[in-house]
Every structure is written in structure tokens, then in C-alpha cells.
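Student: Line order of the protein sequences matches chains C and B.
For what it's worth, the working numbering labels the leading residue of the first sequence as 17, then goes sequentially.
For what it's worth, the working numbering labels the leading residue of the second sequence as 163, then goes sequentially.
Please keep in mind that the hints were generated in silico from the structure rather than gathered at the bench.
As the structure is a computational prediction, the values presented were derived from the model and not from experiment.
Only true hints are included.
Simulated crosslink set (SDA-like; lysine to any residue; CA at most 20 Å straight-line):
id, chain 1, residue 1, chain 2, residue 2
1, C, K80, B, R392
2, C, K80, B, D386
3, B, K285, C, S156
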Amino acid sequence: MAGVPIPPKTNSSARVNDAESANNPFVYNGSVESESGQGSGVVAEHPNLFFTAAHVVYDEETSKWMAPPLWLGGGGREELSLPPEVVRSMQSRGYFRWSAYAENVDREGQNSPKAFSRDIALAWGLQPFFLGEPAQLDFSGYKNLRKHKDQTMITGYPALLDYTGDPGDGYLHSTTPEFTTFKEASHKYLYATHISTGPGNSGGPVWIDEGDGEWAVAGLLVSGRPSEAGIYSMTTAMKSFLKSAAPAIGGPRKSMKNGPKAIGTSTMRMVLAKPKKIPDGVHRWTKIPFKISRFDEGAKALSITVDLGITTGHRGDLIVALLTPSGEMSILHDGEGAGEDDLVIEDQIVDMEGLDDATANGTWALLVQDRLTGDPTVVTRFELEVLAEK
Amino acid sequence: MPARHRPLLAVALAAAVVWGGMSLWPEPAAVVPPVAAVSPPVKPPAARTGRERISEDWQSILAACEKGEDPEKIRRQLADLKKRWLEEDDLYLVAAMSAHLLRGGADAKTGIPFEVGGGRSLKGWPTLRVFLLEMLGVTDPDLAAEVAREVLGTTGSAEEYAVALKALLQKGPWRAPDAELEGYFSTMLGKPDWQKSAGLAEALDLARVVATPAATATLAAWLDQSPPAREVGAMALHETAAADARLVTELIAEQPGLFEDQGSLRASLMARATVLEAGQPELVDGYLRNPAVSVEEKREFLAVYPLRSATTGYRLYGSPPAPYERAAVVADDQAALEAVGRWKADPALAELLPEMGRLEGRLQAWVKQGEE
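In isolation and in its complexed conformation, chain C is listed as follows:
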């Protein structure tokens, strides 16, 4: 019919052939089985961790805790040629989900945008789910997916393909890499039209092309319709999630420490120019500011190191804190060591817990109080090193 526009074709998941499924990034995929059903997942940031959708491990009807989910690396299909020593199947030992997920489900229902905006779970195991370097997260997935400047694709194990009605048969499927337009539905919850997978694929990774054959996990599939996909997108909040799981898997590994491997970084070191006297016995902050402006606009701080020397007769009188440009405060010293003299902190990495959103540019400040009278106190040395995204 002349003049009638042909609707754009929906990018529907198609089976990944056996040979290709052993390649990056398909090899990080697995199916996930829990008491509430089956989903998909991806091993990322640590071999003992996999991500899936929270609703895969949470039953709205009962709101009960469930036994930890089972990971089936490569979908658990033994007839495929995936190397079993690399792709493993194993029961996880536990999982984390956002507290706000159940709260949002309780208030607005499991299929609400608010619930989808928190719909992620991180399962952890006592052994690796994948033997080798895991996939990397794109902590800027929320931003990058909306830019649609890089190709993306969604992988996983749909039980049924929504758009075509074909069965998934437990095989790995993927949408075709393309420049998909993702739009925001509710904070962190994005959606795209003309792209489709199917039930059972919840928790399947949304990959973003990082060039040179490298793909990073920018989000997880959490909802869908025959021609639409809903995505939980990654942000720096994932670092807090990963830190919650770190002790359970025996501490962070290098790739969890926001190391330079993950993304381009830049370092800035600021040094106190001259000693600063702190008023004696005054219950107010003395502020020693450092203005930083050389990082890219909007860059987040990844790691903060301080080197500090304060001469005093009574270390126990001092309260010392670091203030980020975004207003988060981290106490470095809170009066420990009563009766001892000088406070020395040598190249200490500031606990970044809660500083995940700290912007790198702006005014950083050392805050000091000498709360009791009787001893002169002088900050003689202060160096601040900020490692940030490039």
C-alpha cells in the first residue's frame, strides 16, 4: 500500500549459536532458578557474584525470604560446548536486594515503575560462579544508555519470545546490537520500544559496547511487553551494593576497588601550603579548603587518600573530618587516644562508604576541632589525593 509507512521492525531476541555463546560477553550469562521461578543473570565485578532481578528472588504474594537462588552457568545445558571448568552451576549462599524494593512493591505493586526502579538483586557464593575475570559494570549505565551513542544488546534465557511466540528452550538469546533509544520511566528504570525478549529473561544483562570488542553491563532487564523492554540501569549506587557483599565473599578484589582497570581515571594531589593553627577549646570547625577543578565536569570521586599531621599535646581533644564537595562528611578521627600527643595519619584511604556520589570537582575541606583547652594544636601537614573518573 503506497504511502503507508512501514513500522520499524522490532529487535526480538534470537538464539546465540553454540560457538558464539562461549565468547565474550555471552560467557558471563546464566539462568537463575529460585522458589518463585526462573530468570537470567550475569557474573560481574567478582567471580563469586551474579546480578539478577530482585523479583526473581522475591515473591510479592508472600513477601517471604526464599532460599538463595541456583546459578546455572551457560543455562546449565551440558550438551553445549561451553567449558565446564569455566562456566559452573552452583547454589548461591545468599543475596542482597535494596530495602526500598520491597517497600515500593508493598506500596505500589510489583509491576510499578517505582518497584522496577529498585528491581535488582546481587547473589553471592562461597565459590566462583565463573572461573576467570568477570564482566565489568558500567557504573554510568543510567547516563550512557540514555545517550544512545553506543550499541547495546540484551542477552539471557527467555522461556518464550514475546514478539514471535517461539519457545526459548533454555538457550542463550540476544537482541541484535543496535543504537537503542532508552528513555526514563522512573529514576534508574528506563524503557525502550521496538525491542523485545520474553518471560524468564528478567535479570538478563543489558550490554553496552565499550569498543575493541569489550562490553560492559549497563543495566538489567526487569520488565517487558511484546515490543518493549524495561531496564534497571546501573549507577554509582552499585558500588554500595558491591560493598555490602564484599565481606561475605572474603573482601573486595582489585576490580571492585574502582581500580583504573575499570574505567579511565585521573589523580589530583593537593598539599597544604603552610601550617594552620587550630583555636584551642573551641567547639567549631576550623575549615581548611582545597578547591579542585581539573577533573571532567560531573566526574565522580573513586578513591580519596589523606596524609595528615597535627601537632598537639592531647590527640584525644581532636575531632577531624573530611567534607566532600557534595556535602558528605566522613569522620577521620573522633577523639581516640586520650592523653597521647600528635595525630598522624599516613596515606590512609578514606572509607568511601557513602561517598559514592561525591563529585570530584569542587571544594574539599579538612575540618578540625580542638575541643578542650590547654594545648596548642597546629595542622602541619595535609595532603589530599583524589582519584576520579576521567
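Please arrange chain B on chain C, whose structure you already have, making use of the hints.
Tutor: For chain B alone, kept in the frame of chain C given last:
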């Protein structure tokens, strides 16, 4: 009193008098010459004093809120305001002005939902008073604690109450005694109008952070009444139990009627028991053999025991929960496996054999994983 232990009360009082005597920071009249009908010269931004800058900022954001401007725009303005005020050299000036405004009752709704971000700081301020309370907490913790106690005694806002409590949970000399915090917590949970509020939901984490039997008992007693925020309360109690299982398991053992109408909740809370800790195996044994606990509840317990999954997220008072350590989990699984072996051999628990068999299978797998 030795000199080293003398607080500078006089300084604080002087400051309070100065600020208490001012309206919204008018410039001293004597400084401004009475020039008729001529617009006063506008000072370039750099020449304005800190007090002028803060005062103008406040008037501007107050006007934006009163005009009902887009909440997202107001959120950005407040985030920018926070940044600029923290860049002031004299943080005490920011603190004193914030305290003055709070004591004067100035306020406006922002339309922004209450939200906590990283670093125990707020990302969403539903009212300007909530914003001021947060600014005060950062810029002068001593003054913040003083104002917080005033607010806690007078406010009608759950969100203000929650943020005021933060000033008393600050590490260091500002931390209030446990008994005082427990009292505020109990008062908050008893407010009928706050039961569905975001402020109350956030403040439930106080039980985990204070980590005392009294705070845990207060939270549990409130939750036992199945309040509207039951789901959030159950999570808060689970997070308390994940951080220190004894606080909750001992409470359940001491109060047989607790959660008797919420069997699933009680079962999952008991499933957080840490078998290696003194007294815990006996509590778990007692629970399993308690005839007052239904078989169905015991089955639910065995289906998740030992429960090591958890919830987490940004918190206003403490660090995001990260409750489990690998070595303790592995050792505890081993001890739990041995306990299950004993339970299976006990005829008194025969009706639970199928569930115990499945639990044994899970534990064997985990113990093996832990050994590798």
C-alpha cells in the same frame, strides 16, 4: 574543674543572643546612609558578605517554594545551595543562620520526596526546615545537637524528627546516650499521624544503629501490632538481626507471644541465629521443640535457615548494611550441619524430617563450597 574540661558555653550563648535578636538579617540601619529616592548601588557578588549571600539565597529559595515551582528545579537549587553554603569560609555563620531560621519557625514545602543518598546525606528535602537541619548537622555538630533536642520536643513532622535524630547519632562527642535515643525512638513509633511517613520509615534503622535490647524491643513491639508500615518494619528488624542475631532471637525466646500471629516473620528472624555464638544453639533448639510454635512455622524456619540474605541501601544514621563475613558464614554452616544431624536423629522432630533432609542437602553443599 581543670582547664582542659571547660566547655566554651559563653561563646555559644553569645552567638545565640546575637542571632536570636535579629529578624531576617537586616543590615544595621546606621550603616546605610539615608539617601532619598536613589536605588542603592548593587554590590558585586564578590563584595557581598557571607551573611548577605546566605540571606539572599534563603529568600530566593523560600520564594521559589512559596510560588510552587517545579520540585525538580527546587531540588537542583537546594543541592546547589548546599554546595555554596559549604564553600563559605565561616561554616559557623551558616550554622548560626540555619539555627536562627529553625528557631524562628521559617518553613516551606518543596514538593520533593524525602530521600537519603550516599554518605548519610539527604538527596530529597520535603521542607526547607529539613534542609536547614541537615546543613546545621554538617556545619556545627554542637549547635545541631542543641537545636535537634528542641525540634524533637516540638515538631509535628516525622521527617524533621528523623533528621533531628541524626544529630544525636553523630559519631564523637555528639552521640547521645542510648537511653535518650531509645526514648525518642519510642516516642516516634507512638505517633499515630506518622505511621505511613517516609521519616518514620527511615528512622526505623535507629534500632540497628543503636543496637540495644531496649531499642530492638521497641521496634519489635511496634511491629507486633502489624502497623501500616509493617513491611518496612520487618526489614528494619531483619537488618537488626543480621547485624546482631542475639538481639532478636533472645527477645523472641523471652516473649513467647511475640509475632505469634506473624509466623513467617518469626521463623525468618529465628533463621538468622548464629549457631557458633554462645547461647544461640539452645535458643534454636528450644524454638524447634516449642509446642506453641506451629509445625508450619517450623517448616518455614527450616526452609531458609541459616538465613544469610539481606537488604541494604543508603542510610541516614549508619553505614549501609553489610552484615555477613565469609569466615563466620562458613563456620556457622558447619555448626548448623552438625545440629541438623542431631535433629534428624531426634524422634520428637520426626514430622520435620523432609524439611530437615532438604536443609541438610543445602548445608552439605555450602560446607563443601566453604572448604574448597
